[in-house]
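Chemist: Chain by chain, the residues run as shown.
Protein chains: 2
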Amino acid sequence: MNTPAIDPLDEQSYSRLVGERLRSIRQQKNLSLNEVETSTQQEFKASVMGAYERGERVISVLRLERLARFYGVTVDQLLPRDKQREDAAQSGTAAPKKLRIDVAKLSAH
Amino acid sequence: MNTPAIDPLDEQSYSRLVGERLRSIRQQKNLSLNEVETSTQQEFKASVMGAYERGERVISVLRLERLARFYGVTVDQLLPRDKQREDAAQSGTAAPKKLRIDVAKLSAH
Chain G
8 MNTPAIDPLD
18 EQSYSRLVGE
28 RLRSIRQQKN
38 LSLNEVETST
48 QQEFKASVMG
58 AYERGERVIS
68 VLRLERLARF
78 YGVTVDQLLP
88 RDKQREDAAQ
98 SGTAAPKKLR
108 IDVAKLSAH
Chain B
8 MNTPAIDPLD
18 EQSYSRLVGE
28 RLRSIRQQKN
38 LSLNEVETST
48 QQEFKASVMG
58 AYERGERVIS
68 VLRLERLARF
78 YGVTVDQLLP
88 RDKQREDAAQ
98 SGTAAPKKLR
108 IDVAKLSAH
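These protein sequences, in sequence, are chains G and B. So the first sequence is numbered by the working numbering: it starts at 8 and just counts up by one. So the second sequence is numbered by the working numbering: it starts at 8 and just counts up by one.
Please keep in mind that the hints were generated in silico from the structure rather than gathered at the bench. Beta carbons are placed, not taken as given, at the ideal position from N, Cα and C, and that holds for glycine. A couple of the hints might just be wrong.
Stretches of chain G that chain B covers, calculated by requiring three or more beta carbons in the stretch to come under 8 Å of a beta carbon on chain B [claimed, not checked]:
no., stretch
1, 53-67
2, 80-86
Which chain B residues stay away from chain G? Per the calculated CB distances, all over 10 Å, these [stated by the list, open to error]:
no., residue
3, Val25
4, Glu27
5, Ser31
6, Lys36
7, Leu38
8, Leu40
9, Asn41
10, Ala53
11, Gly57
12, Ala58
13, Glu63
14, Thr81
Just some of the chain B residues that point at chain G, by a computed CB distance under 8 Å [to be verified]:
no., residue
15, Leu16
16, Glu18
17, Ser54
18, Val55
19, Val65
20, Ile66
21, Leu69
22, Glu72
23, Val82
24, Leu86
Using the sequences and the hints, build the whole thing.
Modeler: Below you can see the structure in the form of structure tokens.
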């Protein structure tokens, strides 16, 4: 018998995590649900957005992509944070590692 | 009456575009549908993957995220290319702009 290689997170639990993330990004943008509705010209109705954010409704990939565009973020930024995932994303980009400078050490010389 | 601010791409057309992208990434990884099935321990069955790639079946955000993890790419990389989208993604990251060096000009000095 075969068992899944990675954690079998179900759609419902995942929607809750996505919802928390959607709410967090919206709040970072200082937008109310009604403002999202107005700014997207009713494409994302406040009631539907609320249901997404509470994890009561599953958002489609297309809608998530459009929401990311509206918020001015990447789709990955709208998804739940995950250490493993972030590492993969980082090694996938050409972004250089942050350079750490020990100021105390520098001034000692 | 309100009209959508951005192109109202429907779910079906979008699934086709996502499917093309999924196929393209799988081929870049030199994997057959059956190899994906085996490597994911049946999480992504060849028949289901084929349906995703032909745009006959809509992939969920969770499944897309897991597939991205399996392929070792970001979710954004699994989504259809879009000029506007890429610009947004670029300005969203801290990645520096590519430095262009005109070698001819340099050696002229």
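Chemist: So, for every hint listed, does it hold in this structure?
Modeler: Evaluated hints:
Coverage of the stretch 53-67 of chain G by chain B holds. Counting CB-CB distances below 8 Å, 3 residues qualify, and the rule asks for three or more. Remark: the stretch 80-86 of chain G is confirmed as covered by chain B, as 6 of its residues place a Cβ nearer than 8 Å to a Cβ of that chain, reaching the required three. Against the 10 Å criterion, Val25(B) falls within the reach of chain G, whose nearest CB is about 6 Å from its own CB. For Glu27(B), the condition that its CB be more than 10 Å from all CB atoms of chain G holds, with the nearest at approximately 14 Å.
With 10 Å as the threshold on Cβ separation, the claim that Ser31(B) sits away from chain G holds: the shortest Cβ distance comes to roughly 16 Å. No beta-carbon of chain G is positioned within 10 Å of the beta-carbon of Lys36(B); the least distance is around 13 Å. Against chain G, the non-interface label of Leu38(B) holds: every CB pair exceeds 10 Å, the least being about 15 Å. Listed as a non-interface residue, Leu40(B) keeps its Cβ farther than 10 Å from every Cβ of chain G; the least gap is roughly 17 Å.
In this structure Asn41(B) is separated from chain G by more than 10 Å, as the shortest Cβ-Cβ distance comes to about 14 Å. The claim that Ala53(B) lies off the interface holds: its Cβ sits roughly 14 Å from the closest Cβ of chain G, which is beyond the 10 Å cut-off. Every beta carbon of chain G lies more than 10 Å from that of Gly57(B), the smallest distance being close to 18 Å; the non-interface claim holds. With a minimum CB-CB distance of about 15 Å to chain G, Ala58(B) clears the 10 Å threshold, and the non-interface call stands.
A cut-off of 10 Å between C-beta atoms confirms that Glu63(B) is not in contact with chain G; the least separation is 15 Å. A beta-carbon of chain G comes within 10 Å of the beta-carbon of Thr81(B); the shortest separation is about 5 Å. Because the beta carbon of Leu16(B) sits about 7 Å from the nearest beta carbon in chain G, less than 8 Å, this interface hint is met. Among the interface hints, the one on Glu18(B) holds; its C-beta lies about 6 Å from the nearest C-beta in chain G, closer than the 8 Å criterion.
Checking Ser54(B) against chain G: minimum C-beta separation of about 16 Å lies over 8 Å; hint violated. Annotation: Val55(B) was flagged as interfacial toward chain G, and the flag is violated, the nearest CB pair being 14 Å apart, outside 8 Å. Using the Cβ-Cβ criterion of 8 Å, the hint placing Val65(B) at the interface with chain G is satisfied: the shortest such distance is roughly 7 Å. For Ile66(B), the interface hint holds, since its Cβ comes within 8 Å of a Cβ in chain G; the closest pair sits about 6 Å apart.
Hint on Leu69(B) holds. Least Cβ distance to chain G is approximately 4 Å, under the 8 Å limit. Restraint check, Glu72(B) versus chain G: the minimum CB separation of about 6 Å is within 8 Å; hint holds. Hint status for Val82(B) relative to chain G: holds, with the closest Cβ pair at about 5 Å, below 8 Å. For Leu86(B), the interface hint holds, since its Cβ comes within 8 Å of a Cβ in chain G; the closest pair sits about 6 Å apart.
In summary, the structure is inconsistent with hints 3, 14, 17 and 18 from the numbered list given earlier, while agreeing with the others.
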